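With chain H held as given, fit chain D onto it using these hints.
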Amino acid sequence: MSGRTLYVWCPDWPVVAAEIVDGVPAHAPVAVLAANRVVACSQAARGEGIRRGLRRRDAQSRCPHVIVVDHDPGRDARAFEPVVSAVEQLAPGVEVVRPGACALAARGPARYFGSEEAAAERIVEQVAQACAVEAQVGIADGVFAAGLAARTGQLVPVGDTAAFLADLDISRVDRPDLVDLLRRLGVDTLGQFAALPAADVLARFGLDAALAHRLAGGRDERPLAARQPPADLDVSQDFDDPLERIDTAAFAARHLAQRLHERLAGHGLACTRLGITAVTEHGEELHRTWRHDGLLSVAAIADRLRWQLDGWLSGTNSAGVRPSSGIRRLILVPDGMLAHAGLQLGLWGDVGVERDRAHRALARVQGMLGPEAVVTAVLGGGRDPDHQVTLVPWGDERVPTRSPGEPPWPGRLGAPAPATVPAEPLPAVVLDETGEPVGVTSRLLVTAAPAWLLAAPDTGAPARIVAWAGPWPVDERWWAPAEASRRVRFQVCLADGRAMLLTLAGGYWWMTARYD
Amino acid sequence: MAGLAALRAPTRRSALPATALVRSIGLSGLVRPASEHAAEAAGSAVERMLPVLPELRRLLPGGGMRRGTTVAVRHGGAPGGVSVLLTLLAAASAAGSWCAVIGLPDLGAVAAAESGIALDRFALVPHPGPEWPSVAAALLDGLDVVVAAAPGPVAASVAGRLAARARQRGSVLIPYGPWSGADVTLEPVAGSWLGLGQGHGRLARRELVIASHGRGAAARPRQVTVWLPVNSTHPVPIELATPRFDPLPEAVAG
Chain H
1 MSGRTLYVWC
11 PDWPVVAAEI
21 VDGVPAHAPV
31 AVLAANRVVA
41 CSQAARGEGI
51 RRGLRRRDAQ
61 SRCPHVIVVD
71 HDPGRDARAF
81 EPVVSAVEQL
91 APGVEVVRPG
101 ACALAARGPA
111 RYFGSEEAAA
121 ERIVEQVAQA
131 CAVEAQVGIA
141 DGVFAAGLAA
151 RTGQLVPVGD
161 TAAFLADLDI
171 SRVDRPDLVD
181 LLRRLGVDTL
191 GQFAALPAAD
201 VLARFGLDAA
211 LAHRLAGGRD
221 ERPLAARQPP
231 ADLDVSQDFD
241 DPLERIDTAA
251 FAARHLAQRL
261 HERLAGHGLA
271 CTRLGITAVT
281 EHGEELHRTW
291 RHDGLLSVAA
301 IADRLRWQLD
311 GWLSGTNSAG
321 VRPSSGIRRL
331 ILVPDGMLAH
341 AGLQLGLWGD
351 VGVERDRAHR
361 ALARVQGMLG
371 PEAVVTAVLG
381 GGRDPDHQVT
391 LVPWGDERVP
401 TRSPGEPPWP
411 GRLGAPAPAT
421 VPAEPLPAVV
431 LDETGEPVGV
441 TSRLLVTAAP
451 AWLLAAPDTG
461 APARIVAWAG
471 PWPVDERWWA
481 PAEASRRVRF
491 QVCLADGRAM
501 LLTLAGGYWW
511 MTARYD
Chain D
1 MAGLAALRAP
11 TRRSALPATA
21 LVRSIGLSGL
31 VRPASEHAAE
41 AAGSAVERML
51 PVLPELRRLL
61 PGGGMRRGTT
71 VAVRHGGAPG
81 GVSVLLTLLA
91 AASAAGSWCA
101 VIGLPDLGAV
111 AAAESGIALD
121 RFALVPHPGP
131 EWPSVAAALL
141 DGLDVVVAAA
151 PGPVAASVAG
161 RLAARARQRG
171 SVLIPYGPWS
181 GADVTLEPVA
191 GSWLGLGQGH
201 GRLARRELVI
211 ASHGRGAAAR
221 PRQVTVWLPV
231 NSTHPVPIEL
241 ATPRFDPLPE
251 AVAG
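Protein sequence lines correspond, in order, to chains H and D.
Going by our numbering, the letters in the first sequence line up with residues 1 to 516, in that order.
Going by our numbering, the letters in the second sequence line up with residues 1 to 254, in that order.
If we strip away everything but chain H, and leave its shape as in the complex, we get:
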C-alpha cells in the first residue's frame, strides 16, 4: 500500500502561468486554447459559460470579451518552477505530476508541523507568500486519490481512501474511451468500477483498464518519483574596487576559475561550456558563452575568463563596445555538465603528456594573439573545397557548419583536393585560340576550348592551357536569394605544370584553388 500523499494543486494553471509570464489579467475572462479547443479557463470565464473542450468560436459567442491565449506547455512548466521550489523549502522529495500539480510524501511534513492539517495549511501559505499563487492541498493514500482530494481541498483520513473514491464519478479515471464504455455498461461511479472482479476487468478491457481499476479501488502503488533539485553551481564575485585594468582582472579570473572548478569537483561534475557574465558599475551586462571540445580545467577556465575580460576592457571584442565603467561583478555559469570521475590517461598516450604540452603551447599563442588566431579545421559537407572546411578556434567544439553526411552533396569535386585554397578567389580571364573570351551557354556547352589563361595569379603573364575539363555545374541554394550561387567549375593544367580550379560565375572567371 502506498503511503500518505500530499498533493498540491494550483487551479487553472495555464491561465495563472499566462498571467505570471505574459501579464494576462487572470481575473478577467481568459481562455487558453490548444488546437482550437479550450483547455483551461479562468473563474470569470467559467461564470460566462465557457467550459473545457469548447471551440474558439463557441467560447467567443458565449463571452465576446474573452481573452484568448495560446496554450504553451513550456510556459506552464517555467512558471511552475518557483512553486515547486517554494514547496521544496518546506519538504524535500517533490514529484512534479504536471505543470500546476505536484505531490510529496505527507508523512515527513505531517510529523514536522504536528499534523497533516498543519502541514497542508503551511504549504498553501508558503506558496501564496513566495509566488502569490493560490493552491489547494489534498491528502489521501496514493497520488491518484490525493489528486482528487485536492480538487475539493479534502484531507481524507487514513483508511478512508476507498470510501472517498467510491462516490466519485467514473470520468475521474481520465480515460475517455473506457469511461464511455463503462457508462454504457451501467457503471457510473468509481466504487461500482472497483467492485468488478479484477481478473475480469483485465480479461475484458485490457491492461490499462486493469490499472485504472486498481486506482479506482484506492490501490495506487506507484511510489513518488521525487525530483532532485538542481544544484546551484554558479560562481560570482563582487568587487569593491571595480576592475578597470587587465592585470587585476586576470588575478580575479584565476581565483574565480579555481572556485568554480572546486565547486564542480565537489559535485563530481565537469563542464564543457562556460557562460561569463560581467556587470559594470553603470549596470551594463555583458555576456558570452565559451564552448570547449573537452572538459574545462582550471587553467582553461582562467584563460577564457582572461581573454573575455581583455576583450571587454580593451574594447577589442567583436561588438567593438567598451563598457563605460569598470566591472563590479563577475558571474561564471557552467553549462553542458558531465559526470566527472577523474581523468583516465590513455594507455597508449593518446590523451596524456603530449596532448597537455601541445594544448599549453597553443593556449600560450592564443594568449599572445587572441583566441581566434589559432584555429583548427573541421571537415563538413560542401561542393567546393573552400565550403567543406570550417575553421574553429583551438579548444572550441569541433562542429562543422554543414554536416558531412546529409545531404549527399552531389556535384562535389573528387579527390585529390587542391592544396592551396585562397580565402578570396582571384580574378582571371580565359581565352580561346583566337583570343576570344570563353563562355558557357545555358545548356552547359563551352563556346570554345580554353587555350590561354590571362592574368594568371602568380606570374601575371598569359599562360598556355594544355589540358582542361569541365564545365561541372553547381546551382546552390536558389531558394535563398542572399546565399544563392550558380556557377560552373573547370580544372585546367598549364604548360608549366601548374593545375588550377577555375570557376565561372555570372560571366566572370575566378581562380578558386590551386593544386599546388
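Treat the hints with care, since some could be wrong.
[To be verified] Which residues of chain H face chain D? A partial, calculated answer using Cβ under 10 angstroms:
{"#": "1", "residue": "336"}
{"#": "2", "residue": "338"}
{"#": "3", "residue": "417"}
{"#": "4", "residue": "493"}
{"#": "5", "residue": "496"}
{"#": "6", "residue": "497"}
[As the list claims (entries may be wrong)] Some chain H residues near chain D, calculated using beta-carbon distances under 10 angstroms:
{"#": "7", "residue": "354"}
{"#": "8", "residue": "357"}
{"#": "9", "residue": "359"}
{"#": "10", "residue": "362"}
{"#": "11", "residue": "391"}
{"#": "12", "residue": "398"}
{"#": "13", "residue": "402"}
{"#": "14", "residue": "419"}
{"#": "15", "residue": "420"}
{"#": "16", "residue": "423"}
{"#": "17", "residue": "470"}
{"#": "18", "residue": "474"}
{"#": "19", "residue": "501"}
{"#": "20", "residue": "515"}
Hints in this document: simulated from the structure, not taken from any laboratory.
The structure displayed is predicted, hence computed values, not measured ones.
All C-beta atoms, glycine included, are put in the ideal place defined by N, C-alpha and C.
Just chain D now, kept in the frame of chain H:
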C-alpha cells in the same frame, strides 16, 4: 658492433672510402653513422625520429625527420611545394604527432586530410603577424612539428634562434620558403599531372620529382619521384613508372 670494430683498422689503411668497403662486404644494414650513436648516447627514451612516408625516406638522412633538426621545404621553382609539405607531415601526424602551421592562410584542409594528416592534432595560425618568430618559438616548446612560412626574408639570427629552440626542445622545425642553415632542404623540381584531357577527364594523379640537399649526412643531393596521392588507385603509365634516380645499394638494404 664486433663487426664494426674489426672493420675499423683496415678502413684506415685502405684507400677505399669507408662506405664503399661497407657496401662491398654487405654490411650496410649494420653500420650506422656516428650521429645516430650520439643520439643514443644522449640516453633519450623518446623516439628520436618522426616517421615519413616510405616514398620520402630516401630524401632524409636516417629515413625520417630527426627530432631537433630543421627540414626546410622550398617552393617557387616548380609547383607542388604545399603538396611536398603535406606529404612530409602525413606519416608523423598519423602516428600521433602534434603539428602546427604558421602563416599559411590558404592551406587547403581537405587536401591535408586526404594526405593523411589528423586534423584534430593539426593547429593553424593563419595570420601570426610580425611576431611570427615568437609564435613559432612558443609552438616549438609544445608541439612535435612546426611549419613556419615567414612573410618575408628571414634574418640569419632569427633562423638560428628558432633552429636552436627546436634542437633544445626536440621538435622539428619546417620552414616553408627560403631559409638559411637548414639541415635538409626539400624542393619540388618537376611535376606533371595525369588524368586531364582536352575537355574530358579530371586531375587524378601527379608525378612529383623532389630533390633534397643539405649538410652533414644529407650533403649529397638526392632526388626521388613520388606519385601523389600515394594511395590513389589511378593507374600509372608503365614508361613513367620507372624510377628516375640511380638506385643506390642502401635502398636495397633498407
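Structure-based check of all given hints:
Using the Cβ-Cβ criterion of 10 angstroms, the hint placing residue 336 of chain H at the interface with chain D is not satisfied: the shortest such distance is roughly 19 angstroms. Interface restraint check for residue 338 of chain H: the shortest CB-CB distance to chain D comes to about 19 angstroms, outside 10 angstroms, so the restraint is violated. Interface restraint check: residue 417 of chain H against chain D, minimum CB-CB distance 4 angstroms, threshold 10 angstroms, status holds. Proximity of residue 493 of chain H to chain D holds as hinted, the smallest CB-CB distance being about 5 angstroms (cut-off 10 angstroms).
Given the 10 angstroms rule on beta carbons, the hint for residue 496 of chain H holds: about 7 angstroms separates it from the nearest Cβ of chain D. Among the interface hints, the one on residue 497 of chain H holds; its C-beta lies about 5 angstroms from the nearest C-beta in chain D, closer than the 10 angstroms criterion. Nearest Cβ of chain D to the Cβ of residue 354 of chain H: about 6 angstroms, under the 10 angstroms cut. The hint holds. The criterion of a C-beta within 10 angstroms of any C-beta in chain D is met by residue 357 of chain H, whose closest approach is roughly 4 angstroms, and the hint holds.
A cut of 10 angstroms between beta carbons decides the hint on residue 359 of chain H: the least distance to chain D is about 8 angstroms, and the hint holds. Contact between residue 362 of chain H and chain D, as hinted, is supported at the beta carbon level, the nearest pair being about 5 angstroms apart and thus within 10 angstroms. With its C-beta approaching chain D no nearer than about 7 angstroms, residue 391 of chain H sits inside the 10 angstroms limit, and its interface hint holds. The closest approach between the C-beta of residue 398 of chain H and any C-beta of chain D is roughly 7 angstroms, which is under the 10 angstroms cut-off, so the hint is satisfied.
Proximity of residue 402 of chain H to chain D is violated relative to the hint, the smallest CB-CB distance being about 13 angstroms (cut-off 10 angstroms). This hint holds: residue 419 of chain H has a C-beta 4 angstroms from the nearest C-beta of chain D, less than the 10 angstroms allowed. The beta carbon of residue 420 of chain H is positioned within 10 angstroms of a beta carbon in chain D (closest approach about 5 angstroms), and the interface hint is therefore held. Proximity of residue 423 of chain H to chain D holds as hinted, the smallest CB-CB distance being about 6 angstroms (cut-off 10 angstroms).
Because the beta carbon of residue 470 of chain H sits about 8 angstroms from the nearest beta carbon in chain D, less than 10 angstroms, this interface hint is met. The interface hint given for residue 474 of chain H is broken, as the beta carbon of that residue sits about 15 angstroms from the closest beta carbon of chain D, more than 10 angstroms. Hint status for residue 501 of chain H: holds, given a least beta-carbon distance of 9 angstroms to chain D, under 10 angstroms. Interface restraint check for residue 515 of chain H: the shortest CB-CB distance to chain D comes to about 6 angstroms, inside 10 angstroms, so the restraint holds.
Going down the numbered hints, you'll see the structure goes against 1, 2, 13, 18, while the others check out.
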